[in-house]
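Line by line, the protein sequences give chains R and V. Its first residue numbered 16, the first sequence is counted upward by one per residue in the working numbering. Its first residue numbered 1201, the second sequence is counted upward by one per residue in the working numbering.
Calculated from the structure, these hints are not laboratory results. Treat the hints with care, since some could be wrong.
To be verified - Ranges between beta-carbon positions, derived for each pair:
#1 Ile1496/V to Asp247/R: 30 to 40 Å
#2 Leu1492/V to Val251/R: 30 to 40 Å
#3 Asp247/R to Ala1582/V: 54 to 64 Å
What the hints assert, rightly or not - Mimicking DSBU-like on lysine-lysine, the simulated pairs with C-alpha atoms at most 35 Å apart in a straight line are:
#4 Lys1867/V to Lys1716/V
#5 Lys1828/V to Lys1808/V
#6 Lys1302/V to Lys1279/V
#7 Lys1805/V to Lys169/R
#8 Lys1440/V to Lys1454/V
#9 Lys169/R to Lys1305/V
#10 Lys1716/V to Lys1653/V
#11 Lys1653/V to Lys108/R
#12 Lys1877/V to Lys1890/V
#13 Lys1762/V to Lys1683/V
#14 Lys1653/V to Lys147/R
#15 Lys1279/V to Lys1305/V
Quick caveat, the model's predicted, so the values are computed rather than measured. Beta carbons: idealized from backbone N, C-alpha and C, even for Gly.
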Amino acid sequence: MTITGEVGAWNARGNAAPAVVARGLTKVYGQGDAAVHALRGVDVSFETGAFTAIMGPSGSGKSTLMHCLAGLDAVSGGKVHIGDVELTGLNDKQLTLLRRERIGFIFQAFNLLPTLTAEQNIRLPLEISGRKADQDLFDRVVETVGLRDRLGHKPTELSGGQQQRVAVARALISKPQVIFADEPTGNLDSRSGAEVLSFLRTSVRELGQTIVMVTHDPVAASYADRVIFLRDGLLVSELMRPSPQSVLDTLMKLEA
Amino acid sequence: MLKTTLAGLRAHKLRLLLTSLAIMLGVGFIAGTFVLTDTIEAGFRQKFAAAADKIDVVVLPAEDGGREQQAVGAELLEKVRGVEGVADAQGIVRGTAALIGKDGKAVGDYPTSAVSIPDGRLNRTEITGGAAPKSAAEAVLDENTAKTRGFAVGDRITVLDSKNVKHEFTLVGLFDVGVDQALAYSGAVGFTTDTAMKMSGEKDFREIDVAAAEGVTAETLRASVAAAVGARGEVKTGAKHAEELAAANGADTKMLTLGLLLFGLVAMFVAALVIYNTFNILVAQRTREMALLRCIGATRRQVFGSIVLESAVVGLISSVLGLLTGLGLGAGALAVIGRTGLDVPTDGVALAPRTVAIGMVLGIVVTIAAALLPARAATRVAPIAALRSQVEEQTFRTGVVRVVFAGLFLLAGVGATVLGVTQEPGEAALFTVMGGGALTFLAVLILGPVLVKPLSAFVGWLPGRLFGVPGRLAVDNSQRNPKRSATTTVALTIGVTLMTLISVLTATLRVTYNAKLDEQFPVDYLVASQGDQGALPRALAEDLRTRPELASVVALRAASAKIGGNGEFEVGTFTAAADFTPKADTGSFGDLKPGTVALADYVVKDLKAEVGDTIAVKTTEDGTVRLKVVATFLGENALLPEVTVPEQDFDRYFGPLGDGQIIANVKDGVAEESARKAVEAAAQPYPTAKVASSTEIRGEFDEALDMMLMIITGLLGLAILISLLGIANTLSLSVHERTRESALLRALGLTRPQLRRMLSVEALVLGIIGALVGVALGAVFGWAATTTMTTGVVFQLPIPQILAFVALSGLAGVVAAVLPARRAARASIVGSLASG
Ligand SMILES: Nc1ncnc2c1ncn2[C@@H]1O[C@H](COP(=O)(O)OP(=O)(O)O)[C@@H](O)[C@H]1O
Ligand SMILES: [Mg+2]
């Protein structure tokens, strides 16, 4: 397998190969009577340089799908490709190295190590993989998320919105092939949330970053280029260039 | 509330177990001490009682207050035999008579004891093979001596009498010395009563054992014997005598108990620190749980109660387990002691009610006491904390109170230590230094959280560089909760401090002792007589002087004499030899002419006589002589008698006595082998002349020191083991606390080995911090303690050992981290992200 080498199709928007592809993805938790079929055969692909939102009612399998796509959790069936690498069949070490090199994460909460400063947190993925940060990129990212004067602060000294912006900067800095975000604005007030979302969209537009975001908020989803809808572990609908209203309508239809 | 607590405890069985282990080991050690000493004591009491069973009444020499005793002689024995109601009475003889080994030399460092074996029902000695001696040509040996010296029943044995004349006996039997430690130590030859008196030269009996006639009670007999003996002897019933002997023996076991308990208390203290830390962490982690309880209406008192209750349950369980451990430890120790050939009773190992009570109370009280502060912290949790999403990082700020207190303790500690060091060596100085050490330790304990940060930055510098991101994160983690890290490491510090202290003391003693041997005079061989002073014929020294292998031979002889009104001193002389000039402290040995004397420094102090003064010595042959002091010398460095007179004078004062010791130096270039042969050949005709070389003497001293070091290390090992449990416990709780953090790191690409390494490095840093502080304290106070012991101390820092302590502490920390690290690395990322 080759997971080293030139990372991602940087800035290759448009008709490049999809960044992430899942085929016939299934995930079962537990066994026998207690088995929960969280994913029942999902086929989906995420274009490089696109911002995709995953939506669906609570318990529909959004987080599970994201975890399987990101190699955080083993799939029960089907295949996942990140770029040209097939995840299924990789061992823990290989998966770790893949995440290190090709994937960025933004979680809903607890994104930052409390012992490190904002800057150290941002640089952490690069340090772990022993790569040098591109100083231009670092400056650009820090500028974009507006953290210049907060770099020396510890997470406890930052507001929730600022913490999430640090997380966004951290995800961007290693130029991953894809960033997975699980409800990144779930804990934020609407103003901070809007800020974080616009940074995500900017990074897609200007840096050509590929982002997959799980959310249950129609407004958050409307920042994406495309929204896919899950229900009971199945992909049930899809929406291009969504608006809050169109997302809401689709959700209503699904829940009806 | 009770139900909630118990449910919580059940839900965390593993955590409970780890916490309990610390207390369990502490209680186990203490209970084990009692089990061990109880068993030994009970065994001795039983043996004494069994021996006393045969005797109804004993007559002992009357104590007249001072050291002089009224003799219990043959005449008194006849008188006792004549008392109405006496069936039999036997005098017991105890003296010395040197057994000659197969090599023609007297066996052992001390002459063997000579004992009488009476026949009839009053024989208390247990003959284990062959028969008791019946005639003047027969003797028996104690089993152990027979075995080690290779004698068997039927052999001929040679024994020296008190005049060093050889006598041959037929070995007719073997006997067991029983509880008599003195006999066990020296070895013993048994004879008929008359022969025992002849051989040992004793004129009197050690005691007279009396058996009552049919129908006479011991008490009645005691009264009638006492009437006959009057003031010449002390008369007791056998049972009472046995009881007193057992009690005296018990005093020895008490010392053992006390010594062991001291180590047990150190272990308990370390365990208390571990418990305190554990509960503190638990309270911090359960902030939300507590807050929730408060939200739904629990009072502060209830929250406090629930923590205390939890600690009580932990204390109860671990004390019970500790008692069981103690039972095992006690039995194990007895087995080990039995293995070394010492005769200790091993039957009836049991937990006495006293042991159970002490163990339970100590275990429970220490656990609860250690949990009180954390419980109080728990009551401070505001209900609102339940609503916060993330447990707050504990921030630590160096408080003024802390610094002031630490400063005061440090000042007092340093002050006391300086005072102790500058004092005259002696017990007072040692205790002052110990006090200073304790105060300084308290200062370090208080200051711990402040010290952790700079120390971990220092210790973590290298790992941070070597292990990349995991290393740096580990160093950060070790500093993030200074109080927790401090308590964790202080537990280890205690053990390492004591360990370093002991090794500094032994290393210094070793070097000092050797330096003193060298400085005084480089003796190659020392010939000394076994037993009595002055038992080496002067011909021996003469013979040695003719040997070409030897450069110089000096004979030392001494007698004891009263000086002025100051009691007995050892007055002696040395024979002149070419290259032997003793070093004088004041005055000069050159002035040691007839009618003069040289004194050891401590005698100078006793007599208050300086150079130029005159002292009065009461001699045996020349009446009281007045001698002028011309020199003083350092007594503890010299082999010289403490009061040294010229050679010719000595013979005039005390007659032509034999030599006490002969020191001989080997000529340059003569091989060790041939020198030794020469000395041994010269000594061969004299069975009691024992040859020792300086290397042997040093070797014996070294061995004794090594033995002591080993035993103390073993005993301190427990405290260290407990502190390692503390590190493991702290780490596993921290791992638990940082579950989401670890998951985040894993998601960001930290591999499992890297995560494990991160925790190992954290433990390494903690271990080394603890060790460094301990080593520093131990070295400083070890040095301070050595200055209080004797003058002329050659301080020695055992650097390899100290480095080993630091390295081993680090390694032990890493070992303690193995399980927590594995658990952290195994955790699923997704599951951990969701938790909390
Ligand atoms: N570790 C797990 N064990 C068992 N069932 C799980 C686990 N994680 C998620 N599930 C179940 O899988 C389904 C999908 O969960 P999830 O992906 O978290 O949904 P969403 O993120 O859309 O709310 C749910 O029914 C949930 O209960
Ligand atoms: Mg979810």
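Here is what the structure says about each hint:
Distance hint check for Ile1496/V and Asp247/R: the Cβ-Cβ separation is about 36 Å, which falls inside the suggested range of 30 to 40 Å. Take Leu1492/V and Val251/R: their Cβ atoms lie about 38 Å apart, and the range 30 to 40 Å holds. At roughly 42 Å, the beta carbons of Asp247/R and Ala1582/V sit outside the given window of 54 to 64 Å. Taking the CA atoms of Lys1867/V and Lys1716/V, the gap is near 22 Å; set against the 35 Å cutoff, the hint holds.
For the given pair, Lys1828/V sits about 13 Å from Lys1808/V by alpha-carbon distance, which is consistent with the 35 Å threshold. With a CA separation close to 43 Å, the supplied pair Lys1302/V and Lys1279/V exceeds the 35 Å bound. Restraint check for Lys1805/V and Lys169/R: not satisfied, since their Cα atoms lie roughly 70 Å apart, outside the 35 Å limit. Using a Cα cut-off of 35 Å, the hinted pair Lys1440/V and Lys1454/V holds, with the two alpha carbons roughly 21 Å apart.
Distance restraint check for Lys169/R and Lys1305/V: the Cα-Cα separation of roughly 82 Å exceeds the 35 Å cut-off, and the hinted pair is therefore not satisfied. Proposed proximity of Lys1716/V and Lys1653/V is contradicted: the alpha carbons are some 45 Å apart, above 35 Å. Under the criterion of a C-alpha separation no larger than 35 Å, the hint pairing Lys1653/V with Lys108/R is consistent with the structure, at around 34 Å. For the suggested pair Lys1877/V and Lys1890/V, the alpha carbons sit about 13 Å apart, so the restraint of at most 35 Å is met.
The straight-line distance between the Cα atoms of Lys1762/V and Lys1683/V is roughly 65 Å, outside the 35 Å bound, and the hint therefore fails. Annotation: proposed proximity of Lys1653/V to Lys147/R holds, straight-line Cα distance about 29 Å (limit 35 Å). Proposed proximity of Lys1279/V and Lys1305/V is contradicted: the alpha carbons are some 41 Å apart, above 35 Å.
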